[in-house]
Amino acid sequence: MIDLVRIGASALSANQLALSTIGQNIANASDKNYTRQEVNFSSLNTQTMGVNRAGQGVLSDGIRRVYDQYITNQLRYSTSQKNQLSVAHDYLKQMDALLGDGTAGPAIQLQNFLAAFQNAINDPKSSAARQNILNEANSLSNSFSSINNQLTLQKKSASLKISDLTDQVNSITSVLSGINAQLQGLGKKGQVANDLLDQRDEQLLNLSELLDVKTSLSDNGSVNVYLSGGESLVLGSQAHRLFTKAKSTDIQSTDLALQYGAQSFIVTQHISGGALGGTLLYRDQILNTFSLQLNKEALGIADAINQQHQKGLTLTNALGGVFFQDINNASAQRTRVMANTNNKQPASAEIDVALSDISSLNTSDYSVQFSKTVAGSYNIIRQSDNAVVANGALSAVPSSIEFDGLTVTFSSAIPSLGDQFQLSPLKSGADFLAPTITDVRNIALSQPVVSSAALGNRGSAQISEVNVLSTDTDYFDMQNKSLSPPLLIRFYLLSNKSSSVDGQTSAGIAPTTGLIADPNPIQKDPAPTTGPAPTTDSAPTTGPAPTTDPAPTIVRLVYDILDNSNPDLPADLVPAARGLTYTSGAHLFSTDPISSLYTGYQASITGTPLAGDAFSINYNTNGFLDNRNASDLANLNATYSINASGDSLLEGYNQWANSVSQSTHQFDIGLSSAEALLQRAQSDHQQKSGVNLDEEASQLVRFQQAFNASAQLINISRSVFDALLNVF
Amino acid sequence: MRVSTAQYYQSSIFGLQNLQSQLSEIQNKISSNKKRLQASDDPESAIQSARLQQGLASIDQYDKNNKIATAQNELMDSVLNQIVQVLNRAKELGIQSNNGALSSADKNQITTQLQSLATQLLDLENTKDSNGNYLFSGFKTSPPFTQNSAGVFEYEGDKNNKQQIQVGYQKLVSVNESGYDLFESITSEVETKSLLNTVNDLSHAIYSSKETTNQQEIKNNLTHLDLVLDHISAARTRIAGRLQYLDDMTQVNDAARLESKKLISQLDDIDFPAMVSELNLKTTLLQAAQASFAKISDLNLFNFLN
Numbered sequence: 001m002i003d004l005v006r007i008g009a010s011a012l013s014a015n016q017l018a019l020s021t022i023g024q025n026i027a028n029a030s031d032k033n034y035t036r037q038e039v040n041f042s043s044l045n046t047q048t049m050g051v052n053r054a055g056q057g058v059l060s061d062g063i064r065r066v067y068d069q070y071i072t073n074q075l076r077y078s079t080s081q082k083n084q085l086s087v088a089h090d091y092l093k094q095m096d097a098l099l100g101d102g103t104a105g106p107a108i109q110l111q112n113f114l115a116a117f118q119n120a121i122n123d124p125k126s127s128a129a130r131q132n133i134l135n136e137a138n139s140l141s142n143s144f145s146s147i148n149n150q151l152t153l154q155k156k157s158a159s160l161k162i163s164d165l166t167d168q169v170n171s172i173t174s175v176l177s178g179i180n181a182q183l184q185g186l187g188k189k190g191q192v193a194n195d196l197l198d199q200r201d202e203q204l205l206n207l208s209e210l211l212d213v214k215t216s217l218s219d220n221g222s223v224n225v226y227l228s229g230g231e232s233l234v235l236g237s238q239a240h241r242l243f244t245k246a247k248s249t250d251i252q253s254t255d256l257a258l259q260y261g262a263q264s265f266i267v268t269q270h271i272s273g274g275a276l277g278g279t280l281l282y283r284d285q286i287l288n289t290f291s292l293q294l295n296k297e298a299l300g301i302a303d304a305i306n307q308q309h310q311k312g313l314t315l316t317n318a319l320g321g322v323f324f325q326d327i328n329n330a331s332a333q334r335t336r337v338m339a340n341t342n343n344k345q346p347a348s349a350e351i352d353v354a355l356s357d358i359s360s361l362n363t364s365d366y367s368v369q370f371s372k373t374v375a376g377s378y379n380i381i382r383q384s385d386n387a388v389v390a391n392g393a394l395s396a397v398p399s400s401i402e403f404d405g406l407t408v409t410f411s412s413a414i415p416s417l418g419d420q421f422q423l424s425p426l427k428s429g430a431d432f433l434a435p436t437i438t439d440v441r442n443i444a445l446s447q448p449v450v451s452s453a454a455l456g457n458r459g460s461a462q463i464s465e466v467n468v469l470s471t472d473t474d475y476f477d478m479q480n481k482s483l484s485p486p487l488l489i490r491f492y493l494l495s496n497k498s499s500s501v502d503g504q505t506s507a508g509i510a511p512t513t514g515l516i517a518d519p520n521p522i523q524k525d526p527a528p529t530t531g532p533a534p535t536t537d538s539a540p541t542t543g544p545a546p547t548t549d550p551a552p553t554i555v556r557l558v559y560d561i562l563d564n565s566n567p568d569l570p571a572d573l574v575p576a577a578r579g580l581t582y583t584s585g586a587h588l589f590s591t592d593p594i595s596s597l598y599t600g601y602q603a604s605i606t607g608t609p610l611a612g613d614a615f616s617i618n619y620n621t622n623g624f625l626d627n628r629n630a631s632d633l634a635n636l637n638a639t640y641s642i643n644a645s646g647d648s649l650l651e652g653y654n655q656w657a658n659s660v661s662q663s664t665h666q667f668d669i670g671l672s673s674a675e676a677l678l679q680r681a682q683s684d685h686q687q688k689s690g691v692n693l694d695e696e697a698s699q700l701v702r703f704q705q706a707f708n709a710s711a712q713l714i715n716i717s718r719s720v721f722d723a724l725l726n727v728f
Numbered sequence: 001m002r003v004s005t006a007q008y009y010q011s012s013i014f015g016l017q018n019l020q021s022q023l024s025e026i027q028n029k030i031s032s033n034k035k036r037l038q039a040s041d042d043p044e045s046a047i048q049s050a051r052l053q054q055g056l057a058s059i060d061q062y063d064k065n066n067k068i069a070t071a072q073n074e075l076m077d078s079v080l081n082q083i084v085q086v087l088n089r090a091k092e093l094g095i096q097s098n099n100g101a102l103s104s105a106d107k108n109q110i111t112t113q114l115q116s117l118a119t120q121l122l123d124l125e126n127t128k129d130s131n132g133n134y135l136f137s138g139f140k141t142s143p144p145f146t147q148n149s150a151g152v153f154e155y156e157g158d159k160n161n162k163q164q165i166q167v168g169y170q171k172l173v174s175v176n177e178s179g180y181d182l183f184e185s186i187t188s189e190v191e192t193k194s195l196l197n198t199v200n201d202l203s204h205a206i207y208s209s210k211e212t213t214n215q216q217e218i219k220n221n222l223t224h225l226d227l228v229l230d231h232i233s234a235a236r237t238r239i240a241g242r243l244q245y246l247d248d249m250t251q252v253n254d255a256a257r258l259e260s261k262k263l264i265s266q267l268d269d270i271d272f273p274a275m276v277s278e279l280n281l282k283t284t285l286l287q288a289a290q291a292s293f294a295k296i297s298d299l300n301l302f303n304f305l306n
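Residue numbers (this note's numbering), protein chains in the order written: chain E, 1 to 728; chain Z, 1 to 306.
Only chain Z is shown next, with the shape it has when bound in the complex (with noise of 0.2 Å):
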C-alpha cells in the first residue's frame, strides 16, 4: 500500500489526539465519580435516573408530610388525653355531689370546681397548632367553641371536614379532627348534647339539686358523660391506629428509599476499578504511540543519500 508522507502524519497525530480526548474523559469520569458527564453519553440510563431521583424527591415529600401529620396526631391525641382526665375529674365531683349529706356550701364549691373544669375543657377544644389553627375546627379559622350570654356552649367550627395530608402515592391521613363529630354530635338514646354542655348542665344540676328531679338530672348527665368519655376513647384509639400507619408508612418509604439509592447508584457512579484499568490501559497505548512515531517518523530514505 503506498503510504503518502502527509497521510502518514496526519493520521499520527489524529490517533494521538483521539488517544489524548479519551484519557480525558476518563479523567473526568474518574474525578467526578459519574459514568455519565452528559445525559447523551447514555440517553437510556440518563432517563431512567432522572425518574429515580423524581420518585426520590416524591418520597422526601411523603416523609416531610408524615412528620407533621405525626406531629399533629399526637398533639391531639395528648389535648383527647387531657379532655379525659378533665372529663374524670368532673365525672368524680358528680359522684361526689350525689351523696345526700352535703352541704349548700360544699354543692356551691363542687359547682365551681365544674365551673372552671368547663373553661378548662373549653380551652382544650380550642386549642391551636403549631401553626396557630384550631385543632379542631375542621376548615375553618374561627375558634370553633364558644359560650353564648345565656352560658350555653356553641360549636362554630365547620361540621364534617377534616384536613387531610399526603403520606404516599395516593395515601391520605387525617390531621385534624372535626370538633363536631368528637365533642359535639354525642347521641344517646335521649338525646344530643355536646361535651360542654353535658359538664355545664351537670353543674347546674348539683347547684339545685334540692329538688329530687334534679338528682335524676344528674344520674343523666353523668351516664352522658360516660358516652363521653366513650365517644373520645374510641377517637384516641382511631388517632393511635393512624400514627402507627404512618409510623409503618415511614418505614416503607425508607425501604423504598435505600432501593431507588442503589439503583440510582448503578446508573450513575463509574466502576472504579473497571475505570482505573481503563485509564492504565489507554496511558501506555498514549505511550507506545507516541515511542513509535518519533522512531517511525525518523526513517527517511533522505537521510540515506549523499
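The shape of chain E in the complex, shown without the other chains (with noise of 0.2 Å):
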C-alpha cells in the first residue's frame, strides 16, 4: 500500500512539474527568445515482491529546452546576412535617392554647360552668352559638388557608425563573458541554467546583427566566439575589445582592431556580415568604388575642357588658359601621396603624382612599397585587383616612373627601406570643376591662327582652316599675343638644273613679295637679281649645255614656308624650309612634336596652285567673331573619350550612376532573398523552439488530468488502506 502512495506522491510531484512548465511555456509564448521547454520522465527502478516485479513510480528527470544547434546557428547567419545586405542598401537607396530616376543631375549640368558654348556659336563676342557659359559651369560644379558632399557625409557617417557598433559588439560580448563565467560557476549539475543558455543564445543572436561570428560551446554551456579569421572576441569569462583606430594609410578613414592585453592587432579584413560587416563594405568598397568614378569623370571634364580652352583665344587676343582647375597644379599632384604614419622619419622624399592621360586612368588607388632590404627598390600595387603595375629600383632623383595614365615623380631623396606610400589619384577630383574665370572675356570662344590665301592669287588651289593641336609651342608669343612668326608660303617653279644651289637662288627672289603673279613665272626662279647666283646660272646657258645636255630643263613646282614678320621682306625661318615638294592636301606642318617645323597647328593646301601664289598663316587678332573653339568646346562630348573603350563625357556619368542603380538593384534582390531566407531560419526556429498555445492548451488538459488521477492514486490507496483496518 505505502508503494501506492509513493508511486501517487511521485506522479503528483511530476505531473505538476509538467504543469508549471506549462505555465511557465504559457507565460513566456510572445517571447521570441524564449526556448519552449518540456519536462522529461522517467519510471522508478522496479522493486521486487515476490515473483512479482512492479514499479515504484515516476521521477521527472528535469527539464529541457527543446532545442537544434543547426537551426541556431542558422538563424544567427541569416541573421548577419540579411542584416549586412540591409544596411548597405539603406546606404545606396540614400545614393540612389539623390540620382532620381538617372536622368536628372550632373548630366542635364554637363548638357547644358556644353550647349552654352552651342548658344555662344552664333555670337561668340555677346557678353550674355558667355556669362551663360560661366553660370552653367559653375551650376555643373555645384551639381558634382553637391553629389561628392553626399558621398564625403556617407563616408563621415558609416565611420561614426562603425565606431558606434563597434562599442555595441563590445557591450555584447562583455554580457556573453558573465554569462560564460555563470554557467562555468555552475559546473555541468546546472539544470536550472536554461533561463542563461536562453539569455545567452540572445546575446548571441543580437551579436549576429552586428557581425558575422564562429561559436563554440563547452559542456557546461558557456561559448567561445570567434571572427573568421580565429581571432577571438569572447573566450570563457574573457571578452577581447574591439576598438577603431586610423588607417595607416589613410588618416582620414578608419580600421577595427582587437586588443590583447597590451597588444593590439587590425582586424577590419576579417569583419563580415550583420550591420559592422555592411557598414565596411559599403564603406570600403562600394562607396570607395563611387567616389573614384565620380572624381574619375570630373576629372575627364575638367581635362577635356582645359585641354580644348587653351587651345583657344580670347576677346583680348590672349591664348585661352585653364577653364576649371588645373588638375595637374603643384598642390594637386603632391596631395595625391600619403606617406604610410609608420615611415621612418624624418622623411625628405617628396612625390608628385600627375594625371597624363586620363583615358588610361584606373578607378583604384595605388601602393608604393619600398623593400626592406634593397636601397631604392618598389613595387607599386593597383589595389582595385592587387596586381602589381610597376616596379624597379631608383638609383637617383629626379626620377618619373610611368603606368595606368600616370606619371610618378621622386624627388628631393630617395624614400628609406620599407616606406610605403598611398597614391590617390583621383582624389578631390570633383573639386577641379570649379572654374578659374571671373572674366567673362577670358572665355576662349576663337581660335588664335588664321589662314588666307593672297589677294590675285591665280592657281585653283584653297588653303583649309587651321587647326590647333597645342599652343605650347614656340610659334606662339603669348607675351606679344602673336605668332612666332606669322608664315608665309609662297609657290614657285624651281629648275632641275639649279638644284644644287636651291637654297640660294631661292633666296634670291625672296626680297620680292610674291603677292603678285608673275607673268613669266619659268624665267622667275633662275632670275638671280642680286648675290651670287648669276654666276652659277650662267654656266647651263653660256657653257656647253646646248651640246652635252640635249634634255629640255625640266621645273617643278615647290614651295618656301617664310617668316612673314615682315610682310615687305619675308624672311627664312630657321632653319630653313624652302623648296618644298607640293602634294595636294598633305600636311603644312611637322606632327612630330620634336621637329623644328612643329608648330603646334596644322593646315594643308588643295587644288592646284601656280608659281607665285601665296598662301599666309596669321595670329587671329581681333577675330571676335570666330567661332571654332566654342564649336570644339561644344562637341567635346563627341571627340573625347574618357576611357579606354572611348566612351564620351556623357556616357562616363551615365555609367556611373548606371553603377550606383546597378548595385542599388542587386542589393534590392539581394535583400529580399536574405529576408526570404532569414523568414525561414526564424521559421524554423520557431517550429521548433516557439511556443503554441493550443498545444500547450492540450498538454494543460492533459497534464491535469494525469494529475487528477495521481491524486485518484492517494485517494485509492487511502480506500484501500482504511478498507483493510475495517476488516479488523
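Don't take every hint at face value.
[Stated by the list, open to error] Listed below are the simulated DSSO-like cross-link pairs for lysine-lysine, each with C-alpha atoms no more than 27 Å apart in a straight line:
| no. | chain 1 | residue 1 | chain 2 | residue 2 |
| --- | --- | --- | --- | --- |
| 1 | E | Lys688 | Z | Lys295 |
| 2 | E | Lys93 | Z | Lys171 |
| 3 | E | Lys93 | Z | Lys282 |
| 4 | Z | Lys35 | E | Lys93 |
| 5 | Z | Lys282 | Z | Lys35 |
| 6 | Z | Lys171 | Z | Lys67 |
| 7 | Z | Lys162 | E | Lys481 |
| 8 | E | Lys155 | E | Lys245 |
| 9 | Z | Lys107 | Z | Lys193 |
| 10 | E | Lys93 | Z | Lys193 |
| 11 | E | Lys32 | Z | Lys295 |
| 12 | Z | Lys34 | Z | Lys262 |
| 13 | Z | Lys107 | Z | Lys91 |
| 14 | Z | Lys171 | Z | Lys261 |
| 15 | Z | Lys64 | Z | Lys219 |
These are computed hints drawn from the structure, not numbers from a lab. Just so we're clear, the structure is a prediction, and the values are computed from it rather than from any experiment.
Two independent chains are provided; combine them into the complex using the hints.
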C-alpha cells in the first residue's frame, strides 16, 4: 500500500512540474527568444515483490529546452547576412534617391554647359552668351559637388556608425563573458540554467545582427566567440575589446583592431556580415568605388575643357589658358600622395603624381612599397586588383615612373627602406570643376590662328582652316599675343639644273613679295637679281650645255615657308624651310613635336597652285566672331574619350549613375532573398522552439487529467488501507 | 508542422505589410505614370532612357541652331537680292550713258545717281545681323568695307573665314559669307576688281567720257559688272542650297525626335491597363488576407476549455 502512496506522490509531483512548465511556456509564448521547455519523465526502478517486479513510480529527469543547434546557427547566420545587406542597402538607397530616375543632376548640367557653348556659336563675342557659359559651368560644378558632398557625408556617417557598432559589439561580448562565468560556476550539474542559456543565445543572436561570428560550445554551456580569421572576441569569461583606429595608409579612414592585453591587431579584413560588416563593405568598397568613378568623371570633364580651352583665343586676343582648375597643378600633384604613418622619420622624399592620360586611368588607388632590404627597390600595387603595375629600383632622384596614365615623380631624396606610400590619383577630382575664369572676356571661343590666300592668286589652290593642336610651342608668342613668326607659304618653279644651289637661288627672289603673280614664272626661279646666283646660273646658258645636255630644262613646282613678320621682306625660318615638294592635301607642318617645323597647328593646301601664288598664316587678332573654339568645346562630348573604350563624357557619367542604380538593384534583390532566408530560419527556429498555445492547452488538459488521476491513486490507496483496517 | 503562436502572428503581419507596400508602390506608379520610381528599379531601361533623352536634347539644340542658321542665310539672301537690284540699276545707267547724245548735265546726273548707288551698295555690304555683327566680315567685328580718302573702296574684313554652326552630328552650315569672296575677289581675264570699285570706276568713266578711251573704260566696267552679277548669282544659288539643306535637316531631326520620344515612352511610361488590373488583384489579395487573419486568429483551443 505504501508503494501505491509513493507512486501516487511521485506522479503528483511530476505532473505538477509538467503543469508549471506548461505555465512557464504559456507565460513566455510571445517572447521570440524564449525556448519552449518540456519535462522528461522516467519510471522509477522496479522492486521485487515476491515473484513479481512492480514499478516504484515516476521521476522527472529535469526540464529540457527544445532546441536544435543547427537551426540556431542557421538563424544567426541568416541574421548577420540580412543585416549586412540591409545596412548597405540603406546607404545605397540614399545615393539612388539623390540620382533620381537617372536623368537629373550632373548629366543635365553637363549637357547644359556644353549647350551654352553651342549657344555662343552664333554670337561668340556676346557677353550674355559668355556669362551663360560661366553660369552653366558653376551649375555643373555645384551638381558634382553636391553628389561628392553626399559621398563624403556618407563616408563620415559610415565611420561614425562603425564606431557606434563597435561599442555595441563590446557591450554584448562583455555580457556574454559574464554569462559564461556564471555557467562555468554552475558547472555541469546546472539544471536551472535554461534561462541563462536563453540569455546566452539571445546575446549571440544580437551579436549576429552586428557581425558574423563563429562559436564553440563547451559542456557547461559557456560559449567561445571568434571572428572569421579565428581571432577570439570572447574566450570563456574573457572578452576582447574591439576598437577603431586611424588607418596607417589614410588617416581620414578607420580600421578595426582587437585588443589582447597590451597588444592589438588589425582585424578589419576579417569582419564580415551584420551591420558592422555591411557598413565596412559599403564604406570601403562600394562607396569608395563610387567616389573614385565620380572623381574620374569630373577630372575628365575638367581635362577635356581645359585642353580645348587652352587652344583658344579670348576677347583680349590672349591664348585661352585653363577654364577649370588645372588637374596637374603642383599642389594637387603633391596631395595625391600620402606617406604611411609608420614611415621612417624624418621623411625627406617628395613624391608627385601627375595625370598624364585620363583615358588610361584606372578607378583605383595604389600603394608604393619600398623594399625593407634593397635601397630604392620598389613595387607599385594597384589596389583594385592587387596587381603589381610597376617595379624597379630608384638609383637617383628626380626620377619618374609611368603606368596606368599616371606619371609618378620622386624628387629630393630616395625613400627609406620599408617606406610605404598611398597614391590616390583621383583624390578630390570633383573639386577641379570649379571655374578659374571670372571675367567673361577670358573665355576662349575663337581660335588663335587663321589662314588666307593672297589677293590675286591665279591657281585654284585653297588653304584649309588651321587646326590648333597645342599652343605650347615656340610658334606662339603669348607675351605679344602674336605668332612667332606669322608665316608665308609661297609657290615657285624650281629648275632641275639649279637644284644644287636651291637655297641661294630661292633666296634671291625672297625680297620680292611674291603676292603679285609673275607673268613669266618659269623665268622667275633662275632669275637672280642679287647675290652670287648669276655666276652659277650663267653656266648652263653660256657653257657647253646646248651640246652635252639635249634634254630640256625640267622645272617643278615647290614652295617655301617663310617668316612673314615683315610682309615687305619675308625672311627664312630657322632652320630654313625651302624648296618643299607640294602634294595636294598634305600636312604643311610636322606632326612630330620634336621637329623644328612642329608649329602646334596644322593646315593643308589643296588644288593646283601656280607659281607666284601665296598663302599666309596669321594670329587671329580681333577675330572675335570666330566661333571655332566654341564649336570644338561644344563638341567635346563627341570628340573626347574618357576611357579606353572610347566613351564620351556624358556616357562616362551615365555609366557612373548606372553603377549606382545597378548596385542598388542588386542589393534590392539580394536583400529580399536574404530576408526570405531569415524568415525561413526564424520559422524553422519557431517550429522547433516556439510555443504553440493550442498545443499547451491540450497538454494542460492532459497533465491536469494525469494530476487528477495521481491524486486519485492516493485516494484509492487510502480507501484500500481503510478497508483493510475495517477488516479488523 | 508545428507552428508557434508568435510565429503565426508574425508571419501574418509580415504578409499584410508586404501586400500593403506592394499596393502603395502600384499607387505611386499609377499616379506618376512612371514605370520606374528610381533608376534602381530597372537600371538597364533607366540608362537607355537617359541616353535617349540626352540624344533628344542634342536634337533640340540642333533645331535651335538650324533656326538661327536659316534666319542668317535668309538675311544674306535678301541682302544679296537687294544688291543685285542695285547693280541692275547701275548697269542700266551705264548702258544709258553709252548713248552719245547725252549732254554733260545728263552725265553729271547719271554719275550722281551711280555714286548714290555705290553708297547704297556700301551700306548693303556692311549689313549687320540681329546680333549687331557684320554679315560679310568673317571673324572680324569691324565694318568690312570702307572708302578711303581717295574715294577707293577697301576691304578690311577677314579673307577666307566664315562662321559655321552645327545643325546635326558632325554637320556644319555656314551662317555668314566672306565679303572678300563675295564682293572683293572678282577676277576676270583682265583684272581682279571689287564690286564697289567697279561701280565707282564706271561712274568715273562716265563722268569723263568725252574722251573716246573712256568709252572703252565704260564698256570694260559694264563687262566686269556682268561678271559681278554672275558671281553673286552663284553665291545665291549656294545659299539657296544651304536653306534647302537646313529644311531637310529639320525634317530629319523631327523624324528622329518622334522615334526617340516613342522609345522613351515605351521605356518610362506605365502600361496603364496592366497596372490597374494588378491593382485590383493586389487589393483582392489584401482583403482576403485580412479576412482570413481575423477568422483564423479567433480559433483557439482555450476558447473551448471551460
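Going down the list of hints, with the structure as the test:
Between E:Lys688 and Z:Lys295, the direct Cα distance comes to roughly 25 Å. Compliance with the 27 Å bound is thereby established for this hinted pair. Between E:Lys93 and Z:Lys171 the alpha-carbon distance is near 42 Å, which puts this suggested pair outside the 27 Å criterion. Taken as a hint, the E:Lys93 and Z:Lys282 pair is honoured in the structure, with Cα atoms around 25 Å apart against an allowance of 27 Å. For a cut-off of 27 Å, the pair hint linking Z:Lys35 to E:Lys93 stands: about 18 Å separates their Cα positions.
Taking the CA atoms of Z:Lys282 and Z:Lys35, the gap is about 17 Å. The hint holds against a cut of 27 Å. A threshold of 27 Å between alpha carbons decides the hint, and for Z:Lys171 with Z:Lys67 the separation of about 14 Å falls inside it, so the pair holds. For the proposed pair Z:Lys162 and E:Lys481, the alpha carbon gap of about 22 Å is at most 27 Å, so the pair holds. About 15 Å separates the Cα atoms of E:Lys155 and E:Lys245, which keeps this hinted pair within 27 Å; it holds.
Distance restraint check for Z:Lys107 and Z:Lys193: the Cα-Cα separation of roughly 24 Å lies within the 27 Å cut-off, and the hinted pair is therefore satisfied. For the hint pairing E:Lys93 with Z:Lys193, the CA-to-CA distance comes to about 73 Å; that exceeds 27 Å, so the pair is violated. Taking the CA atoms of E:Lys32 and Z:Lys295, the gap is about 24 Å. The hint holds against a cut of 27 Å. Distance check on the hinted pair: Z:Lys34 and Z:Lys262 sit about 15 Å apart at the alpha-carbon level, within 27 Å; holds.
Under the criterion of a C-alpha separation no larger than 27 Å, the hint pairing Z:Lys107 with Z:Lys91 is consistent with the structure, at around 14 Å. Straight-line distance between C-alpha atoms of Z:Lys171 and Z:Lys261 comes to about 23 Å, which keeps the hinted pair within the 27 Å bound. Simply put, Z:Lys64 and Z:Lys219 have alpha-carbon atoms about 48 Å apart, too far for the 27 Å limit, and the pair is violated.
Figure legend: structure checked against the earlier numbered hints; hints not met, in rising order: 2, 10 and 15.
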